[in-house]
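Novice: Read off the chains here:
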Amino acid sequence: MPDSQHVSSQFDEDLSRLRSHVLQMGGLVETQVAAAIDAYTNGEVASVKSIVETDRRVNELEKAIDDDCAHIIAKRQPTASDLRLVLGISKIVTDLERAGDEAKKIAKGVRRIYEGGHLPAQYGVGIRHLAEAALNLVRQALDAFARLDAEQAKTVIRLDSDVDVEFKSIIRQLITHMMEDPRTITTSIDIITIARAIERIGDHAKNVSEQVIYVVEGRDIRHIKEAAK
Amino acid sequence: MSSYLPRALLFALLTALVAFPLGYFGKPWMGWALFYIGLSVQLAYHYRNFSRLERWSRQPMLDASLEGDGEWDSVFRRLYSHEKELLAKIEQRERDIARLIAAVHVMNDGVVLLDGFFQIQFCNKTAERQLGLDSHTDRGLPISNIVRQPEFIDYIDRRDFTRPLILRLERYFERVLSLYVIAYAEDSWLLQVKDVTQTDKLDRMRRDFVANVSHELRTPLTVLAGFLETLQEIDFDPDERQRYLSLMAEQSKRMQSIVQDLLTLSSIESAPPPENDLVDMGSLLDKLRRDAEALSDGRHQIVLESQGEGDLRGCEPELVSAFANLVANAVRYTPAGGTVTLSWKVAPEGAEFAVRDTGIGIDPKHIPRLTERFYRVDRGRSRDAGGTGLGLAIVKHSLSRHQATLEITSKLGEGSCFAARFPASRVAIGGG
Chain H
1 MPDSQHVSSQ
11 FDEDLSRLRS
21 HVLQMGGLVE
31 TQVAAAIDAY
41 TNGEVASVKS
51 IVETDRRVNE
61 LEKAIDDDCA
71 HIIAKRQPTA
81 SDLRLVLGIS
91 KIVTDLERAG
101 DEAKKIAKGV
111 RRIYEGGHLP
121 AQYGVGIRHL
131 AEAALNLVRQ
141 ALDAFARLDA
151 EQAKTVIRLD
161 SDVDVEFKSI
171 IRQLITHMME
181 DPRTITTSID
191 IITIARAIER
201 IGDHAKNVSE
211 QVIYVVEGRD
221 IRHIKEAAK
Chain P
1 MSSYLPRALL
11 FALLTALVAF
21 PLGYFGKPWM
31 GWALFYIGLS
41 VQLAYHYRNF
51 SRLERWSRQP
61 MLDASLEGDG
71 EWDSVFRRLY
81 SHEKELLAKI
91 EQRERDIARL
101 IAAVHVMNDG
111 VVLLDGFFQI
121 QFCNKTAERQ
131 LGLDSHTDRG
141 LPISNIVRQP
151 EFIDYIDRRD
161 FTRPLILRLE
171 RYFERVLSLY
181 VIAYAEDSWL
191 LQVKDVTQTD
201 KLDRMRRDFV
211 ANVSHELRTP
221 LTVLAGFLET
231 LQEIDFDPDE
241 RQRYLSLMAE
251 QSKRMQSIVQ
261 DLLTLSSIES
271 APPPENDLVD
281 MGSLLDKLRR
291 DAEALSDGRH
301 QIVLESQGEG
311 DLRGCEPELV
321 SAFANLVANA
331 VRYTPAGGTV
341 TLSWKVAPEG
351 AEFAVRDTGI
361 GIDPKHIPRL
371 TERFYRVDRG
381 RSRDAGGTGL
391 GLAIVKHSLS
401 RHQATLEITS
411 KLGEGSCFAA
421 RFPASRVAIG
431 GG
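Protein chains in written order, with my numbering: chain H, 1 to 229; chain P, 1 to 432.
Only chain H is shown next, with the shape it has when bound in the complex:
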């Protein structure tokens, strides 16, 4: 890059590094969610430990990115779309970190079920499908952020309502199970916790997408009814 634009290019570089860090953090969260699904379907309790360890890295990154955001705002005083990017990022990292926490919750729920000597596999298909849909949302939300693609972000928001519907049907199914056979209540409650965590991951992906739309289009579409979008 030419030297005459030294100051602004340094700024651009700072911003692109910030974005890369967010996506790096996103990659860690994706891995956590995928590992949690693995733990659930294959009963790999060992991966619970690695999820918890990854969580530490996620937390560190969140703090570092927040610091960077504050620095950029203080030092560079960004305006317009640059400012929106920095503000959006500081919200996106919060959602990513929480999605990671939900993955941790899933892993712990799985461990509880297996330690209780039960197999969650009998509810496997529904949960696994739900989890893969949620992971797909996270992935697409991060892709949308990487490409600053508002259209893809809107797709994520639409798909999230499918996940919510699926979540509700799983809950209904579990309630029926519990009524039929009270012995399954303990396991069912753990599975409800897991399903809830998965559904929350989908919600966080949706929040990330909303921030992407804010960054790209400058519109805040949170808490607006579907039709208005």
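I should point out that these hints are in silico values taken from the structure, not numbers from a laboratory. We treat Cβ as the ideally placed atom computed from N, Cα and C, and that holds for glycine.
Short, incomplete list of chain H residues facing chain P, as computed with Cβ under 8 Å:
#, residue
1, 20
2, 30
3, 142
Not close to chain P: a few residues of chain H, all C-beta gaps over 10 Å, as computed:
#, residue
4, 71
5, 97
6, 159
7, 183
Given chain H, work out where chain P should sit, using these hints.
Specialist: Structure of chain P alone, referenced to chain H:
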């Protein structure tokens, strides 16, 4: 060019020659005027050509031809042909580049070109598919923004590319990629992506196979060793002794048949392509039915169906053993009172030998793996029925050596159908 200067001077001289007498003998201003007019004519002529060139140079199109007068024409023509050559050369280069890019796109390996900061410059279609990239939107993005696996980011950050990175993609489940990063040109990197899912799977199958063989042989061996130890230490009465010995004989026979099947499998694998002997299907079917009846011992109904005349060409012992294996399986897995149907159909496009039973059936999820070595739907039952776990693997191998395919359809509780389909080239129509 060389003749231009003398000619221009000549024209000026001529003008001067005409103008001089006029100025000398007439009025001097008339001479000067004529001289100026002469020079102006020359200037106008040059200006006209210059403005043509000027107009053309704004948009040097080949279809708008460039024509000049006199001296200018040859200059224009040279310029024009130079331009034409240049454009043709550029077009040729562009075609070459497009061809190269097209070739890169159809490669089986993914290719991503990266700059010094690992930002995407180019990626081919395969890489788009493998890594979820999009060449339209992702140019200039750091690759780690899209391929976000922590392992990958660490690998890039470490800048140590002596070993490829094996990446298990959660982005597309169950894909295993091997990534090579190669430095090229100045401060540029090439990322080559190989899909090694298949190799990875083969590796796993080979490991499974060794583990399975050991396990299959160890089980009867443990039984044998146990009995031997018991017999050495305790004095049994002859009856009991006899019972133990016969159990031991059974186990050693089991081991023998496993080893025999393994040998058969490896000999089929390494054997040259089968000969083209004529196999008389009429008598073969008859023999298969008799074998089935003997094995069933009256517990099943054995039906023989035949459609069309035709025999097979191939290695008789291999085909006989493959067919007999299918028939024996059907009898074994069909409860008493069931029906086993052997059918032979000849059609212009090929022939089919099928064994249908009304037995216990197979869960569809097992069917794709059924011909894997030692793959068992139900371990206990298969062994009770005397299977080695290698039968279908041998059948599939023998058939594929005859370019035939084994098609399995089944429904739990309703029965199964194993069909061996032979291509027309393996069929001798009308017994000829």
